[in-house]
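**Student:** One-letter residues, chain by chain:
Number of protein chains: 2
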Amino acid sequence: VTPAPRRGRRCGDPEVTRQAILTAARATFAGAGYEQATIRAIATRAGVDPSLVHHYFGSKEDLFASAHQYPVSPAEILEALEGGAGTLGERVTRLLLEADAKGSEPFEALIRAAVSNQSARRMLRSFIERGVLDTAASHLAVPDARLRVALAGSHLMGLFVMRRVIGVDIATATDTERIVQVVAPVIDHYLTGDLSRGPAVVDAFN
Amino acid sequence: VTPAPRRGRRCGDPEVTRQAILTAARATFAGAGYEQATIRAIATRAGVDPSLVHHYFGSKEDLFASAHQYPVSPAEILEALEGGAGTLGERVTRLLLEADAKGSEPFEALIRAAVSNQSARRMLRSFIERGVLDTAASHLAVPDARLRVALAGSHLMGLFVMRRVIGVDIATATDTERIVQVVAPVIDHYLTGDLSRGPAVVDAFN
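Those sequence lines, one after another, are chains A and B. Residue numbers in the first sequence follow our numbering, run continuously in steps of one, and reach 206 at the last position. Residue numbers in the second sequence follow our numbering, run continuously in steps of one, and reach 1206 at the last position.
Among the hints, erroneous ones may be present.
Which chain B residues face chain A? A few, computed with CB under 7 Å, are given here [what the hints assert, rightly or not]:
{"#": "1", "residue": "Glu1108"}
{"#": "2", "residue": "Arg1112"}
{"#": "3", "residue": "Leu1124"}
{"#": "4", "residue": "Arg1146"}
{"#": "5", "residue": "Leu1147"}
{"#": "6", "residue": "Ser1154"}
{"#": "7", "residue": "His1155"}
{"#": "8", "residue": "Gly1158"}
{"#": "9", "residue": "Leu1159"}
{"#": "10", "residue": "Met1162"}
{"#": "11", "residue": "Ile1166"}
{"#": "12", "residue": "Asp1169"}
{"#": "13", "residue": "Ile1170"}
{"#": "14", "residue": "Leu1195"}
Now the stretches of chain B that chain A is said to cover, found in silico as 3 or more residues with beta-carbon under 8 Å [said to hold, decoys possible]:
{"#": "15", "stretch": "1128 to 1138"}
{"#": "16", "stretch": "1183 to 1189"}
Honestly, the hints are just simulated from the structure, not real lab data. C-beta: ideal position from N, C-alpha, C; glycine also.
Throw the hints in and build the complete structure from the sequences for me.
**Tutor:** Shown next as structure tokens:
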């Protein structure tokens, strides 16, 4: 009797295995798109058991974020959303402001691709819709949760790009604590406030 | 006596002249960078008089925006800032939400270049600092004007990218009027409110 074939790598350098999974993930996401790509297909391509992919990288959205070296992972966003409501805006704002934007080739390649071709753009869109908005909204027990997360997310994403990617002077020169202090109440308003009222505004022109 | 050389084109198809100026502008900005590029150098390259460049395209920042087909020009932003303070946030928000994001090859090329190379990134940064922040801040008679414009701008830029470039479902499906209604008070707060207080937040968790 021949022994049953071994399913995937059982030994070897864990770092090599991790890198093999990341390489397989990028190729699979690029080929099949975000929604069609499965953990099983990625595991097969990497020559490992699917459980090992989950073990190393968590959910499909976390694997996508890791494979493209996203500065912030969906798991970190959820962790920030799960704490008490009192400092919610501050935690989420701080997470984005302290994220690392050091030259990440896969992340930059994804952005370039998303600007120039339709299929990469669709992949990024699905990741944001399923991996970020759906997941985060399911943790916010408020009406219009997806719209709220999209508004807060668009603001923080724009701030991240201006500060860490483009490096606009006033955004990089202003102390992180000052920005957190000014932006966190707005993020709180979007995530948990009364959207129909809008924030109270003191008009400095008068 | 030989006649004095004619300075620039005096006749011919205005559209051909406009296109020649835009081509010369892209080449000059890319070669010299935003700050070093001059209207004079662009005019020389295009074979026209500098006054013609001003006549067709206004200031250097407007020419830069036109040459790269920016969805919103600095002149339009200033116009929105110049109206009454009461509807300031609404005008600025509406300007960005109604901007046209139809496939603009020069704009997309600039973004791709800014992600992948340092000199294009520097050019985009200088344009934002000089052409947008300095100009807009000089029209806002409030303390911290550049920071305010950067915060409002980062939010609107992120919203524009999410809605018109990536096309995230909830952002495209939500009525423009609804988004204006929710976002405009936040933009008003950033541009003219009391930043040290933060907006009043109604906590929907309680």
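**Student:** Evaluate each hint against the coordinates.
**Tutor:** Hint check results:
no.	hint	result
1	Glu1108	holds, 5 Å
2	Arg1112	holds, 5 Å
3	Leu1124	holds, 6 Å
4	Arg1146	holds, 5 Å
5	Leu1147	holds, 5 Å
6	Ser1154	holds, 4 Å
7	His1155	holds, 4 Å
8	Gly1158	holds, 3 Å
9	Leu1159	holds, 4 Å
10	Met1162	holds, 5 Å
11	Ile1166	holds, 5 Å
12	Asp1169	holds, 5 Å
13	Ile1170	holds, 5 Å
14	Leu1195	holds, 5 Å
15	1128 to 1138	holds (count 3)
16	1183 to 1189	holds (count 6)
In terms of the numbered hints stated before, the structure departs from none.
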